[in-house]
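Engineer: Each chain, letter by letter, is given below.
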Amino acid sequence: GAGVSQSPRYKVAKRGQDVALRCDPISGHVSLFWYQQALGQGPEFLTYFQNEAQLDKSGLPSDRFFAERPEGSVSTLKIQRTQQEDSAVYLCASSLGRANTGELFFGEGSRLTVL
Amino acid sequence: KQEVTQIPAALSVPEGENLVLNCSFTDSAIYNLQWFRQDPGKGLTSLLLIQSSQREQTSGRLNASLDKSSGRSTLYIAASQPGDSATYLCAVDTGRRALTFGSGTRLQVQP
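Listed in order, the protein sequences are those of chains S and H.
Residues in the first sequence are numbered consecutively from 1, following the numbering used here.
Residues in the second sequence are numbered consecutively from 1, following the numbering used here.
Just chain S, with the same shape it has in the complex (with noise of 0.2 angstroms):
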């Protein structure tokens, strides 16, 4: 496609549910990372794949969250029993070589809200 594409874009959950949201990057992108977004602040990193492979997952706040990148392109991420303070925009950025190489290209964000 001709941007990165993130769904939903809006997922109101109840606490302790589960919940996952997808990212499509730009084809042919080898580099994939996962922000969090809380209100009034800027994005804070989650995690990095190059390709299909995870190479840095220190940001994800606990093991509630999960991301994947099984044929290295589209992604999920999942969080298990999700809690308040996990509500935030969630985004999704590519590019098109490794990490530090060049500009990122970030989706719309998924907006999730946790009652």
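Honestly, the hints are just simulated from the structure, not real lab data.
The model shown is predicted, which means the values in this text are computed figures rather than measured ones.
Some hints here could point you the wrong way.
Once the Cα atoms are required to be at most 30 angstroms apart in a straight line, the calculated DSSO-like pairs of lysine-lysine come out as [claimed, not checked]:
hint, chain 1, residue 1, chain 2, residue 2
1, S, K57, S, K78
2, H, K1, H, K68
3, S, K11, S, K57
4, S, K14, S, K57
5, S, K78, S, K11
6, H, K68, S, K78
7, H, K1, H, K42
8, S, K14, S, K78
9, H, K42, S, K14
10, H, K68, S, K57
11, S, K78, H, K42
12, H, K42, S, K57
13, H, K68, S, K11
14, S, K14, H, K68
Please build the complex by placing chain H on the supplied structure of chain S, with the hints as guidance.
Structural biologist: Same frame as chain S, now just chain H:
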């Protein structure tokens, strides 16, 4: 740990003014610095990317400068327009594969 600070947090100006947004970072060992624009409810759009070896980049009415030694970058917007109203985010790449963002400057340009 890299920390990025943006000043001011919010700014309101009349149309036509030239303005400067500031970004400072604590660790000067960076690969590059990017300025992004974020409209409400939207993702981030990259405006300018400055490599660590560069001093500035220009795109249209936007000019970004980088002073690595002092840990500072500025985004200059000339002849501001109402369509420039958005949040502007600065982010540095320290080679950890992740960008470190500031909290942004919310800009409102009054017609």
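Engineer: Hinted pair, alpha-carbon criterion (30 angstroms max): K14(S), K57(S). Please report holds or violated.
Structural biologist: 26 angstroms, holds
Engineer: Do the alpha carbons of K42(H) and K14(S) lie within 30 angstroms of each other, as the hint requires?
Structural biologist: With a Cα-Cα distance of about 24 angstroms, the restraint between K42(H) and K14(S) holds, given a limit of 30 angstroms.
Engineer: Run the distance test for K68(H) versus K11(S): straight-line Cα separation, threshold 30 angstroms.
Structural biologist: Distance ~40 angstroms between K68(H) and K11(S) Cα, so the pair is violated.
Engineer: Take a quick look at whether K14(S) and K68(H) sit within 30 angstroms of each other, Cα to Cα.
Structural biologist: Roughly 46 angstroms between the alpha carbons, so the hint for K14(S) and K68(H) is violated.
Engineer: Checking one constraint from the list: CA of K78(S) to CA of K11(S), max 30 angstroms. Satisfied?
Structural biologist: 13 angstroms, holds
Engineer: Check whether the Cα positions of K14(S) and K78(S) lie no farther apart than 30 angstroms.
Structural biologist: 15 angstroms, holds
Engineer: Just to be careful, I want the Cα atoms of K68(H) and K78(S) compared with a cutoff of 30 angstroms; is the pair within it?
Structural biologist: 38 angstroms, violated
Engineer: Regarding the pair K42(H) and K57(S), is the alpha-carbon distance no greater than 30 angstroms?
Structural biologist: Roughly 25 angstroms separates the two Cα atoms, so the pair holds.
Engineer: Is K78(S) close enough to K42(H), meaning Cα to Cα at most 30 angstroms?
Structural biologist: 21 angstroms, holds
Engineer: Next pair to validate is K68(H) with K57(S); report whether the Cα-Cα distance is within 30 angstroms.
Structural biologist: 28 angstroms, holds
Engineer: Between K1(H) and K68(H), does the CA-CA distance stay at or below 30 angstroms?
Structural biologist: 16 angstroms, holds
Engineer: Given the proposed pairing of K1(H) with K42(H), does the C-alpha separation stay at or below 30 angstroms?
Structural biologist: 28 angstroms, holds
Violated hints, in rising order: 6, 13, 14; the structure is consistent with all others.
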